[in-house]
Structures are given as structure tokens and as C-alpha cells.
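With the hints as your guide, set chain B onto chain A.
There are 2 protein chains.
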Amino acid sequence: MTAFAELMAFQRETEALGQIAGRLGWDQETMMPRGAAPQRGEEMSAMEAVLHARRSDPRIAEWLEVAEATDAVEQAYLREIRRSYERTCKVPADLAKTLARVTSEAQGRWAQARADEDVATFVPVLKEVVALKREEGQALSDADGDVYDAMVQDYEKGTTAAEIAQLFDALRPGLVDLRGRVLEKPQAKGVRGHFDAEKQLQLTEKLAQSFGYQMDHGRIDKAVHPFCSGGGLDVRITTRTSDDDPFNCIYSTIHETGHACYEQNIDKAYLLTPLGSGVSMGVHESQSRIYENQLGRSRAYTGWLFEQMRARFGDFGIDTPEAFYAAVNAVHKGYIRTEADELQYNLHVMLRFDLERALMQSDLEVEDLEAAWNDRFEADFGYAVDKPSNGVLQDVHWSVGLFGYFPTYSLGNVYAGCLYQALRRDVPMLEQDLANGKTSGATSWLKNNLQQHGGLRMPVDTIAHATGEEPNHLPLMTYLEQKFSELYDL
Amino acid sequence: MTAFAELMAFQRETEALGQIAGRLGWDQETMMPRGAAPQRGEEMSAMEAVLHARRSDPRIAEWLEVAEATDAVEQAYLREIRRSYERTCKVPADLAKTLARVTSEAQGRWAQARADEDVATFVPVLKEVVALKREEGQALSDADGDVYDAMVQDYEKGTTAAEIAQLFDALRPGLVDLRGRVLEKPQAKGVRGHFDAEKQLQLTEKLAQSFGYQMDHGRIDKAVHPFCSGGGLDVRITTRTSDDDPFNCIYSTIHETGHACYEQNIDKAYLLTPLGSGVSMGVHESQSRIYENQLGRSRAYTGWLFEQMRARFGDFGIDTPEAFYAAVNAVHKGYIRTEADELQYNLHVMLRFDLERALMQSDLEVEDLEAAWNDRFEADFGYAVDKPSNGVLQDVHWSVGLFGYFPTYSLGNVYAGCLYQALRRDVPMLEQDLANGKTSGATSWLKNNLQQHGGLRMPVDTIAHATGEEPNHLPLMTYLEQKFSELYDL
Numbered sequence: 001m002t003a004f005a006e007l008m009a010f011q012r013e014t015e016a017l018g019q020i021a022g023r024l025g026w027d028q029e030t031m032m033p034r035g036a037a038p039q040r041g042e043e044m045s046a047m048e049a050v051l052h053a054r055r056s057d058p059r060i061a062e063w064l065e066v067a068e069a070t071d072a073v074e075q076a077y078l079r080e081i082r083r084s085y086e087r088t089c090k091v092p093a094d095l096a097k098t099l100a101r102v103t104s105e106a107q108g109r110w111a112q113a114r115a116d117e118d119v120a121t122f123v124p125v126l127k128e129v130v131a132l133k134r135e136e137g138q139a140l141s142d143a144d145g146d147v148y149d150a151m152v153q154d155y156e157k158g159t160t161a162a163e164i165a166q167l168f169d170a171l172r173p174g175l176v177d178l179r180g181r182v183l184e185k186p187q188a189k190g191v192r193g194h195f196d197a198e199k200q201l202q203l204t205e206k207l208a209q210s211f212g213y214q215m216d217h218g219r220i221d222k223a224v225h226p227f228c229s230g231g232g233l234d235v236r237i238t239t240r241t242s243d244d245d246p247f248n249c250i251y252s253t254i255h256e257t258g259h260a261c262y263e264q265n266i267d268k269a270y271l272l273t274p275l276g277s278g279v280s281m282g283v284h285e286s287q288s289r290i291y292e293n294q295l296g297r298s299r300a301y302t303g304w305l306f307e308q309m310r311a312r313f314g315d316f317g318i319d320t321p322e323a324f325y326a327a328v329n330a331v332h333k334g335y336i337r338t339e340a341d342e343l344q345y346n347l348h349v350m351l352r353f354d355l356e357r358a359l360m361q362s363d364l365e366v367e368d369l370e371a372a373w374n375d376r377f378e379a380d381f382g383y384a385v386d387k388p389s390n391g392v393l394q395d396v397h398w399s400v401g402l403f404g405y406f407p408t409y410s411l412g413n414v415y416a417g418c419l420y421q422a423l424r425r426d427v428p429m430l431e432q433d434l435a436n437g438k439t440s441g442a443t444s445w446l447k448n449n450l451q452q453h454g455g456l457r458m459p460v461d462t463i464a465h466a467t468g469e470e471p472n473h474l475p476l477m478t479y480l481e482q483k484f485s486e487l488y489d490l
Numbered sequence: 001m002t003a004f005a006e007l008m009a010f011q012r013e014t015e016a017l018g019q020i021a022g023r024l025g026w027d028q029e030t031m032m033p034r035g036a037a038p039q040r041g042e043e044m045s046a047m048e049a050v051l052h053a054r055r056s057d058p059r060i061a062e063w064l065e066v067a068e069a070t071d072a073v074e075q076a077y078l079r080e081i082r083r084s085y086e087r088t089c090k091v092p093a094d095l096a097k098t099l100a101r102v103t104s105e106a107q108g109r110w111a112q113a114r115a116d117e118d119v120a121t122f123v124p125v126l127k128e129v130v131a132l133k134r135e136e137g138q139a140l141s142d143a144d145g146d147v148y149d150a151m152v153q154d155y156e157k158g159t160t161a162a163e164i165a166q167l168f169d170a171l172r173p174g175l176v177d178l179r180g181r182v183l184e185k186p187q188a189k190g191v192r193g194h195f196d197a198e199k200q201l202q203l204t205e206k207l208a209q210s211f212g213y214q215m216d217h218g219r220i221d222k223a224v225h226p227f228c229s230g231g232g233l234d235v236r237i238t239t240r241t242s243d244d245d246p247f248n249c250i251y252s253t254i255h256e257t258g259h260a261c262y263e264q265n266i267d268k269a270y271l272l273t274p275l276g277s278g279v280s281m282g283v284h285e286s287q288s289r290i291y292e293n294q295l296g297r298s299r300a301y302t303g304w305l306f307e308q309m310r311a312r313f314g315d316f317g318i319d320t321p322e323a324f325y326a327a328v329n330a331v332h333k334g335y336i337r338t339e340a341d342e343l344q345y346n347l348h349v350m351l352r353f354d355l356e357r358a359l360m361q362s363d364l365e366v367e368d369l370e371a372a373w374n375d376r377f378e379a380d381f382g383y384a385v386d387k388p389s390n391g392v393l394q395d396v397h398w399s400v401g402l403f404g405y406f407p408t409y410s411l412g413n414v415y416a417g418c419l420y421q422a423l424r425r426d427v428p429m430l431e432q433d434l435a436n437g438k439t440s441g442a443t444s445w446l447k448n449n450l451q452q453h454g455g456l457r458m459p460v461d462t463i464a465h466a467t468g469e470e471p472n473h474l475p476l477m478t479y480l481e482q483k484f485s486e487l488y489d490l
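Sequences listed follow chains A and B, in order.
Position one of the first sequence corresponds to residue 1 (my numbering), numbered consecutively onward.
Position one of the second sequence corresponds to residue 1 (my numbering), numbered consecutively onward.
It should be emphasised that the hints constitute simulated quantities derived from the structure, not laboratory data.
Some hints could be false.
Stated by the list, open to error - If we take Cβ atoms under 8 Å as the criterion, some of the chain A residues that face chain B in the derived model are:
| hint | residue |
| --- | --- |
| 1 | 33 |
| 2 | 36 |
| 3 | 38 |
| 4 | 47 |
| 5 | 48 |
| 6 | 57 |
| 7 | 59 |
| 8 | 140 |
| 9 | 275 |
| 10 | 396 |
C-beta: ideal position from N, C-alpha, C; glycine also.
The following block holds chain A by itself, in its conformation from the complex (with noise of 0.2 Å):
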């Protein structure tokens, strides 16, 4: 066996546990008895230690040194082995553990806070884990390298924070302008009613297949927060229904959907390899979004859609398909990122990717986080933040040591917006299709040109080898402009 076929097969028993970590998560997600849960810790954290340990294997060290690759998919392999080799070794034991002491704790006391609208018991403890991840981003990155740009590569490997507040700072007066035009003009109406939750699971499994969702490589359960989990030949979906908002479980499952049919249409070559599955957060997150948005949320796919929910759930307050277009592209106030709109999605991002951002570059201090974001929120939304929950201490990632996660949402939009640009340039029958609820054409053009490849290629190359250009905000701008224009008149 050469030294390259023994690192391969090393992995590859590296990828099937992993496999198996991310099912245990499914499983305390889904199925897990309330009781259970003290013991599945121990479990969660003998597995982490299988695999920290095979991860950090000093022989990966020497199989690297000798391997070689003969084409440019064996490079890829030996390139993202090496990437993940040497991240591990460069985070202290030591460090790690404390981490992970400290955010199980911080999570703890972030819900308590939150609850409480008490963001001086969250100060303390945020405060250990902005110091811990500090200190961690400078173990990873070199000497004089950026803090930040260390953490970001855990999402979105190849890519500065200097290269994404360019792309932001491009995309967010437009969006500051935009928002504040259609705010001005009459709300949409909604939807009005009660839709049983057993119709609402029908309807989206049938739209989860209607966009190639493959079930029998996967299931969809219901969960508290819709997630996709897993890979290769085994790719599950949760979902969530709401008795007088249907819009919640239909688009959060075709969101979702997005995600698995990336992970679902991967090259088989690739099962269980480094390649194996979506090659960063950024581009899984343009597959989930152009599922949803571009392509879920348009014209020609809602006046189908319109006629599915009639079906199913009768008269629902609303008369036509426009109408219906305008309900589920309704843009309202709000304080919540989760719940933002296609609009106003990124500029909460945007406002968490600068705050996180000077939080590591020591250029904020935990203390004044809270005043920050409140400035920073009425800045781009025109109103204030009246309580915590619905500020600072709305999301979970902060508690849990997520730091450079939160641009990779807005990064996704931005390629969803490239890809779609593109995808309209390839399909011309695309609008046709979509207003038969007919997705093949564009689901076949994204795993054609993006999702087979898996992790080939580096993020931003894996956007422009889609696309035929560099990712740029340009697309998403103009596309957002025309259909909010048109929307709401303006």
C-alpha cells in the first residue's frame, strides 16, 4: 500500500465516524428521550475524542510528507486532509477543553439571560469566551496574522474578513436604500386560517421531491429548529409547522431541501473523502437560499404553489396568485434575524459580521457590545431595539464560540444571487418550468455545475467555475432592486 492509499483509508474510517457524531446530533434533535440527555453528553464527548484523536494522528503527519498525487483530485484530497491536520495541532488540548467547558456553560446562561432581558449576567461569561477565542484564533493564526481571518477559514476557508467587508460595504447602502422605499409603501396582506400540521407535512415532503430532495437517502422529521444533517448516502431534514403560518414549515423545508440536495448530489466518487460533502457554509448556504428565494419565492413558482395551498387548505384569505406572490414576499418591521425577510436579511448579518469582527480584533470590549449593536440597529433600520431578546441576545452563536460564522449566511445570498444570474442565462425555460412547480432544469444546472464537485475546488472558485466569473455583489443588488421594485411599486 502506498503511503497516499493508507492516508486515504485512514480517512476514510475518519469521515464514517464523523458520519456517525453528526447522526447522534439528529438523533438528540429528534428522537432522543427528554431523559437521556446526561448520558448522550458522555457519548457526544467520547466520540469527539475518537475523533480529535484521529484527527491530530501523528501519522497523518508522516503520510503527508511522503504522499503523492496524481491528479488534481488526489491534490484536492491531500490539500484538505492537510488543512484539517494542521488546524487541529495548532489549538492547544488544553485550550480546546476550556473552550468547551466554558460555551457549554456561557449557552447556559445565554437562554437564562435572554429570558431574563438581563444582559449584565450574560457580560461575565461572554467575556471568558471572547478572551478563549481570542486567544485561540491567535494560536491559529500565523504570528501576524488576523485573529478574525483565523476563525473565518472554519466556515469559509480561502476567504479574508478584509475581502468580505469589501463585499458588504459594497452591498449595504443599496440595501439601507431599498428598504427604506419599501417600507413606505402599504404592507402585503397575509394569510388568515388554521393549517393542519398534518396537511402542512404532506405539501412540503411533496416540495422537498419536487425540487429533487431524494427520499430514500434520507427522512424528514419534525424538530424544534429546522436543520439538514448528515451526507453521502444518508441525508435527513427537519422540519416545524405553525397552525396559522404555513409559509414557516414550507420555506424553512425547501430551505433545508436546499441543503441536502447539495450534500445528496455530490459525485459518489467522493463518499466518505474529504471532497465528500458541501465545501463550505458560504456556497451550502447559496444552494439553501437559491432553493428558497430565487427560486422558491418567485413569481412563477409561488402562482403554482398558490394552487397546491388552495387545494389543500381552501380559502385562506387570499384571492390570487399575485396576491399570494406579494404574502409571501411581504417585507415588515422587525427586530429578528431569523425572521427577516429576503430584504432585510443580510443587514442583521452585516451589523453581527462588523460587531464580531472588531470583538476580536480587541477593537470592542464585551462591556459596550450591547450599545454597539443598539447604535448600529437604528442606523440601518430607523427604529430602536426595545429589549435584549430582540437585540444583542437574540442569537445563540456568540455563547457557543461561533465567531466568524455569521457572514457566512450573507456570503451565501451573495452567491445565490451569482448563481441565479447565471442559472437564468442557461435555462430559458426556467420560468415556464417553475410555474408548473417544475424544478429539474434549474436543480439539474446547479448539481451539474456546482453541487457534484463537493469540496473540489476552494469556495470562491466553486462559485466562478458555476458561474464563469468571480462572485461579486452585483447580482444579488439587481435582483433584489427589480423584484422589490416591481413588488412594491416603486
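Just chain B, lined up with the frame of chain A:
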């Protein structure tokens, strides 16, 4: 940290990983999408490799050499860790791998041969399995040890094949005789009608809880075969329904509830230790059997169950509690072990025990197995096997290398007999309680006298501790003789 503490910490992680492997098995039978099977195979084998490496880790030998136990519980921990370690090290890794490969192939061949009613196509691969198992048995037994005895240790440690044979030889004539007398009598009337699957599941969940199954540490799902899986704080069971036979669902659920309550009721001080699960297959089966038969099929309990059934299913062709008791305990002719009643079940098991023991001791060859099966069946049951799927091809066990497992089914019944005798002695209100659907007197006795102790004592000592005397065949024989004499008016 002392050597003892280090060893226990290492063992605890291994136990946690073992729980994960078990939950993967559960997922495979209940939740896994069909198309995920090939990937799951790799995941399972990666997990098995991790577990094998830990169980044969040379540090265990070093720890064991110097670890000191300070009480009986710690002695038992060390006893079990030593047993497992020595067992794992005795079997050469190559042999274990070959066995895994050949049994995996043999299982497929067995399923095909059974479908085709063609023993001849199964013989060659079964010969391979038997040869490998004999080799494994030689590796496990010390040079002059008994190959089959060594195998029994995997399922019923501390018990020899000779002891089992003595027990079975004492039981068999009485069973053959009682069975003959019962089958001369008119058969009990069966149920008729259509039994709604959803209602069956609701009823069985109620029954499981009535036997003390804790739903906050477990769950009930549908699967092709009923089973119990997991341990500690997460013990799950499965069941199945048949539209025209509600007893299938009811009694397989009560059976699995017995297994599950044993696991759930083990002292939490033993969680994730070598004493934290049921001590042996035989003792486990004693719990499932006493819940299912001595309690669940008793006149008292079936009287209560009859009312539960009537309330849910209306008229199902049986008018009195007495007729219902007879239907639940009907004795029919049949070929299949898994469908056999309480009276005939052990005859099926003893047949297998004698044949597999002869196979392992090279007193019988695979070519002669079918004839030996058919001769023995006719001798015990009085009629000839009509086709291989009703005879030598009916069970999966031998194809997957399970030799030494079968006798634990009947050991369980013998132990259940002993426990029931003691239970009646110690819980005078037993029948009155059961007649009201109350099992807490019985289940508390089982928990206090047996279940809570987990793997503290060896299997025979576990039963002796609970009952106050060495286990023997007489209580079971007396119980069956009384029950069926009265039922069939012998």
C-alpha cells in the same frame, strides 16, 4: 490518578462508544433510509474497529496488573474488564475479520436458501462458518478446553455446556409428555376481526408503562422484528402489528418491556461501567419471559387485559375472561420456534442446543445437519418437518455465527420459573394486583432482588441471590404442569 481510576475512565469511554454502536443498530432497523445501507456498513465497521482497538488496548493489561479493588463492586469491575480483555486478545485479528466477512456472506446465502427451500446451496458456506467458529472456539478455550463451552461464555458466562445439558435433559421428558397430553384435547378458540394498528400501538404503550417502562428514558417504534436496544438512560424498544392478531403486538411488546425494564432499573451508580447492563442473555431472557408469560399471560392479568381489549376493539369473537385466557395461552402444533407457545418453546431450543453442540464438538458435520434436525423434530413433536424453511433453515443464528446463544433462551425460561416461585412466595397480593392491571408489586420485587444489581454477580449467582436457592428446572416444570393441566382439564 490511580491505575484503577485510569482504567475505569478509559472503560467508561469505551462503554459510551458501545452505546453509540448500539444506537446505530437501532437507527438502522427503525429510521435509516433504505438507500443508506452501504454507507452505514462502513460506518459500523469503522465503529467496530474503534471498539476493538480499545478493548484490546495493551494499556488495559498494564492497568489490570496494578489496579487495586477496595470492595466487591470494584472487584466485579475488574473481573469483567479482565474477562473482556482476555476474550478479545485470544481471537487473532485475522480470524475475526474472516469471520465477519464470511458470516456476512452466509447470512445472504441463508436468506436465499430459505426462500428457495434449498438446503444444499447453504451447506458449503455454513461449513465455512462452522470451521471458522471451531477455530475461534479453540482459540478461546484453553488447549484442553471444550470448544462449545468457550462459546457459551460469550452469552452466559460461568455456565458450562454440561450444566446446561443436565438441566435440559431433566426438563425435556416432562415437556414432551405434557405437550402430548395437551394436544389431545380440543383447541382453544381464537380471536377474530380486524384490529386497528394505531389502537394496538396505543394499547401496548399503555401496557409497557403499566409494567414500569419509563418513556422519558425510552421510546417505542415500529420495526420488522421487535427488539430492545440501548442501556442506562436510553433504552428503546420496537414492536410490530398484525391486523388479525393483536397478541403478536401485545406480547412481543411486553417481552421487550421486560428486557428494557431490566436495563432501566439497573443502579445508576453502574451507568457506563461493566456492571451497567444485564448480566447475561439468559438472565435477560428471564426478565422478558417473566413479564411476558408468568405475569402477562396469567389468568389474573389477562382478565384485566380482556377488558382493555373490549374497550378498544369491541366484539372480537371472545366473550369471557376465561375464554380470553385460553386464547392467549392456546397450544397449537407448529414448526417455528419464534411462533411457539410457552409450553413447546423450550423443545425447539433444546433441539438446537444439542445439534449446535455436536457441530462444534465435531460430533456432527454440516452435511448431516438437516437429517439430524428432522429426526429430532419428529421424535419430540410427533410429526415430520414439511420443508426446510420450517426446519433447519428457519433461524438466522447459525448463518451469522451465533453458536452458544440458543440455550440462553431456555435458561431464561428456567430462571423465570425460579423467580416466579420466589415472587409468589414473597408478594402475597400478586394475583389481586395483576387482576387490576397493577404490576408494581411484581416489578418492584424484580427490581430490588435482581434488576438493580446489573452485572455485579455472575448469572447463576444473580438468580440464586434473588430467589434464595440455586436455579433448577423444577419450578418451571411445576408451573407449566399446573397451568396447562388446569387450562386443558388434564
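Is the interface hint for residue 48 of chain A satisfied, with its Cβ closer than 8 Å to some Cβ of chain B?
-> 11 Å, violated
Should the interface hint for residue 33 of chain A be scored as holding, given a Cβ-Cβ cut-off of 8 Å against chain B?
-> Holds, about 5 Å.
Does residue 57 of chain A pass the interface hint, meaning its C-beta sits closer than 8 Å to a C-beta of chain B?
-> Since chain B brings no Cβ nearer than about 12 Å to residue 57 of chain A, farther than 8 Å, the hint is violated.
Under 8 Å, Cβ to Cβ, is where residue 38 of chain A needs to be relative to chain B, so tell me if that hint holds or is violated.
-> Since the shortest Cβ distance to chain B is 6 Å, the answer is holds.
Per-residue hint verdict: residue 275 of chain A, partner chain B, C-beta under 8 Å | This hint is violated: residue 275 of chain A lies away from chain B, its Cβ roughly 15 Å from the closest one there, beyond 8 Å.
Close enough to count: is the Cβ of residue 59 of chain A nearer than 8 Å to one in chain B?
-> 14 Å, violated
Answer holds if the nearest beta-carbon of chain B is closer than 8 Å to that of residue 140 of chain A; otherwise answer violated.
-> Where the cut-off is 8 Å and the nearest Cβ of chain B is about 27 Å from residue 140 of chain A, the hint is violated.
Using Cβ atoms only, decide whether residue 47 of chain A comes closer than 8 Å to chain B, and label the hint accordingly.
-> This hint holds: residue 47 of chain A lies near chain B, its Cβ roughly 6 Å from the closest one there, short of 8 Å.
Taking the closest Cβ pair, is residue 396 of chain A under 8 Å from chain B?
-> Nearest chain B Cβ about 25 Å off; hint violated.
Should the hint that residue 36 of chain A touches chain B count as held when the rule is a Cβ pair under 8 Å?
-> Result: holds, 4 Å to nearest chain B Cβ.
Taken one by one, the earlier hints fail for this structure at numbers 5, 6, 7, 8, 9 and 10, listed in ascending order.
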